[in-house]
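Student: So you can see what is in the structure, the chains are spelled out below.
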Amino acid sequence: MGLKMTGAKALVKSLEDEGVEIIFGIPGGVLLPVFDVLYESKIRKVLTRHEQGAAHAADGYARVTGNVGVCIATSGPGATNLVTGIANAYMDSVPLVAITGQVATNMIGTDAFQEADTTGITMPIVKHNYLIKDPADIPDVIQEAFYIARTGRPGPVVVDVPVDVSRGETEYRRRDKPELKGYKPTYKGHKKQTRMAAQAILSSQRPVIYVGGGAIISNASAELKKLATQNNIYVTHTLMGKGVFPESHPLSLGMLGMHGTRAANYAMCETDLIIAVGARFDDRITGKLSEFAPMAKVIHIDIDPAEISKNVRAHIPIVGDARDVLRELNEALKEMRTGTGKVERKEWDARVKEWKEKYPLTYDRGKGFKPQFVVEKIYEITKGEAIICTEVGQNQMWAAQFYPMDKPRRFVSSGGLGTMGFGFPASIGAQLGKPKELVFDIAGDGSFQMTMQEMATAVLEDAPVKVAILNNGYLGMVRQWQQLFYNRKYSCSCLHRGRTPDFVALAEAFGAKGILVTEPEMVEPAIAEAMESDCPVLIDFHVDEEENVYPMVAPGAPLYDMIGDMLYPVEKVHPEKAEEPFL
Amino acid sequence: MKHTLSVLVENKPGVLARVAGLFARRGFNIDSLAVGTTEKPNISRMTIVVDVEEHSLEQVRKQLHKLINVIEIVDLDPEASVAREMVMVKINVNAENRSEVVEIADIFRGNIVDVSRESITVEVTGNASKLSAFEDLLKPYGIKELVRTGKVALPRGK
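Protein sequences, first through last, are from chains F and Z. Just so you know, we're using the numbering used here here: the first sequence kicks off at 14 and counts up by one. Just so you know, we're using the numbering used here here: the second sequence kicks off at 114 and counts up by one.
No lab work stands behind these hints: they were computed from the structure. Mixed in with the good hints, there may be bad ones.
Derived contacts from chain Z toward chain F, CB cut-off under 8 Å, selection only [unchecked claim]:
no., residue
1, Leu118
2, Gly127
3, Gly134
4, Arg138
With the C-beta cut set under 8 Å, the calculated list includes, among others, these residues of chain Z facing chain F [to be verified]:
no., residue
5, Arg131
6, Ala133
7, Asn142
8, Lys175
9, Ile181
Glycine is no exception: its CB is placed at the ideal position from the N, C-alpha and C atoms.
Produce the complete structure using the sequences and hints provided.
Tutor: Shown next, in the form of C-alpha cells:
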C-alpha cells in the first residue's frame, strides 16, 4: 500500500524524489493546489516576472549544472508564454521538464477560462509531452518525464496537469525505473564502424574534428582531447560546442561557420576527413551545402540517428554517446597505430598554421569604441574564468569570438532557435545553479529589452549577475545585414539610443546597480566595479553604432567565400587544387 | 517511390496526432494511413503509405522512431508482404442496369452491402490497382459516393 495523498502532493513528492532542488515559474488559478504544497517543500521556488523567463532560467540552470531544469506555469497564457523557452531547449537539446496547469478534465475542450491545448501546441517542440488525466498516474509520468528529458539526446518534456487531478486523491507508488516500450537510446557505438573510423583517421592526410554541443552534453572533453592530441588532429567547434576543447590549445581552430575563423572554414574546404562529434551540420555551419567540404569523407558520431546523413551524407555513421564512442575509438586507434605511434602530417600542419597566423580574429583597434574591445576586456579581467551567457545577434558572435573558453558548460547561448532575450534569464538560472561562479550576460540593447523585467527576479533572488550591454542603438545583426545586403536601408532596426531607455536608471529602478560607459578608458574600471558588487549590475556600454561582425560567410555562400576583407589580404581557397581525396 | 510502413505504436491518446504532425512539419506526404488495434489491446498498428525518395524515407523512419510512443517500424517489401484495401461505392442504378452492376461486382468478388430503388452499394477488397479498375468500370453508371480505407498490410510467412 502506498501513502495516500493529493495529486498536488504526489506531484511535488515526485519532483523531490527526482532530486529537484530549484524550480522557476509563476503560479496561477489552476496551479494553486500545487503551489500550496510547494510552499512547504524544500525545493527552492524562484518567482520570475514572465513565464518565458522561467523557461530560459531553467534552461540556463540545466546547461551549467547538467541537471534537468524545471519550470512551472499556469494554464492558457502561462503555458503559451513558456512556448519560446521550450522550443529553445528543444533546438539546443537541453534537459527541461515544464509543468503546466490545465483546466479541470471535465472542462477540457470547452474553451474554458485560461484554457489552451498545451500538449497540442507544444507537440512539435518537445521530446515528449503528457496530459495527466488521473492522479494515480502522476508518479509514473513525472518519473518518465525526467528520464526522457535527460537520457539519449536530451530535450524538453511538458507535463500538463489539470486542476482536478491536483486536487484528487491517490496513493503514492514509485517504480524502480520507468517502463517505455518505444524508447531505448543507443549509447554504445558499433564496434566495426568504430574500427572503420579508426582506419580512416590513420589513413587521412588532412583530418579535422568538428565538434558540437553533443560532446558537452555527454561530458566527452577528456576523450576528445585524447583523440585530437594523440593523433595530431585539428579541432573546430560550433557555437554550442564552445569550451569542449580548449581554445587556447595549438590544435584548436576556433569556431567555424558563418562567423567562424578563416582557419576553421578553410580547413573544412580542404579536409579529406571530417570527424563530426555531436554536431548536426546546421546551415550556419555548412554555408552552401553543395560546396561544403567537397573532398571530405565523413565520420559522424551522434546519439540521435536522425541527425546522421540528414544534411551531409555520412560515410561512417556511428550512433552512440559521444564519450562512449570516443573512448572506443581511442582504444581502437591505440591498437592500430604502428611504430612510434607519432602521427605526422607536415604539409597539412604547415598549411593550417599559416592560416591561423595570417587570419587571427581581430578588429580595427585604431579608433572609436569597439564592442569587441569590451568583450576582450571582460575576458582579460575575469581571466577567462566567468560563465558567459549571451543574447542573440552581434553580441553573441562577439562573445563567441573574443571570449575564448577552455572548459565546457561555461558558455550559455541560444544556438538553434536564436532566441533574443534568452541570455539574461538564463544567466539568472546559471548563477543560481553555480552560486560561487561569476556570471556575465553579454547582451545587446535589443535583446535585453525583451526580457529585462527579470531584473526584479535577479535582485530578489540575490543572483549577482553582471549584464554587459553592448549598446549600439540598433538591432545590430539586422542592421548589419541591411547594410550588406539591402543597400544600407535601416528599416525598423534603429532603437534610438539616447532617447529610450535609460538603462542605468532602469537598473536602479529595479534595485540593481547601473553603470554608464561611453568611452574605452572607462571600460576597465566599470568591469572591476561590477565584479566587486555583490548585487546584479548592468553596464551600459555605448559602443560604435555601425561595427560589424567579421569575418562572415554570406547566407547561402560557400565557406571559402568569406567577407570582411578590409583587414585581411584576399585569399581564395581552392579546394580543387588540393590533393585528391584518399578514398 | 511509394513505401508501405507498418508502424507499431502504444495505444495512447494523441499518438495519431503525433504521427500526423510529424509528417506535416517535416514535409513528408502521406498517401494513406490506416490505424487499428492489434492482438494486444495496448498496441495499435498504423499502416502508412508514403511517397518519398530513398533519402527522405530514411529520415521518415528515423524521425518516427524518435516519437516515444512508436515501438517498431517495418518498411514492407511489396514482394514479401500481403496488402489489402477496401472500397465501398454507392452507384446510381435503375431497374435496367442494376444486374450489370451486380455482375461487375461479382467479377471483382465484391459484396452488395446495401440496395435501394435508385442506388446500390458494393464493397470490394483487394490491392489498390484492382480497386481503381473497379472504380473505373463503375464510373459510367454514376458514382454517388465512395470511400476507401487506405492500405493495411502484413509481412508474409513466419
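Student: Under the criterion of a CB-CB separation shorter than 8 Å, is glycine 134/Z in contact with chain F as hinted?
Tutor: holds, 5 Å
Student: So, as I understand it, the hint says leucine 118/Z touches chain F; can you test that by seeing if any CB pair is closer than 8 Å?
Tutor: At about 15 Å, which exceeds the 8 Å cut-off, the nearest Cβ of chain F leaves the hint on leucine 118/Z violated.
Student: The hint names isoleucine 181/Z as touching chain F; please verify it with the least Cβ-Cβ distance against 8 Å.
Tutor: Status holds, d = 4 Å.
Student: Given arginine 131/Z as an interface hint, is the shortest Cβ-Cβ distance to chain F below 8 Å?
Tutor: holds, 6 Å
Student: Under 8 Å is the threshold here; is the Cβ of arginine 138/Z close enough to any Cβ of chain F for the hint to stand?
Tutor: holds, 5 Å
Student: Let me know if the C-beta of asparagine 142/Z comes in closer than 8 Å to any C-beta of chain F, holds or violated.
Tutor: violated, 18 Å
Student: Does lysine 175/Z hold up as a contact with chain F if the rule is Cβ-Cβ below 8 Å?
Tutor: Cβ of lysine 175/Z sits 4 Å from chain F, so the hint holds.
Student: Should the interface hint for glycine 127/Z be scored as holding, given a Cβ-Cβ cut-off of 8 Å against chain F?
Tutor: holds, 6 Å
Student: Do the numbers back the hint for alanine 133/Z, that is, is its least Cβ distance to chain F under 8 Å?
Tutor: With a closest approach of 10 Å, the alanine 133/Z hint is violated.
Violation of the numbered hints given earlier is confined to hints 1, 6 and 7; the remaining hints are satisfied by the structure.
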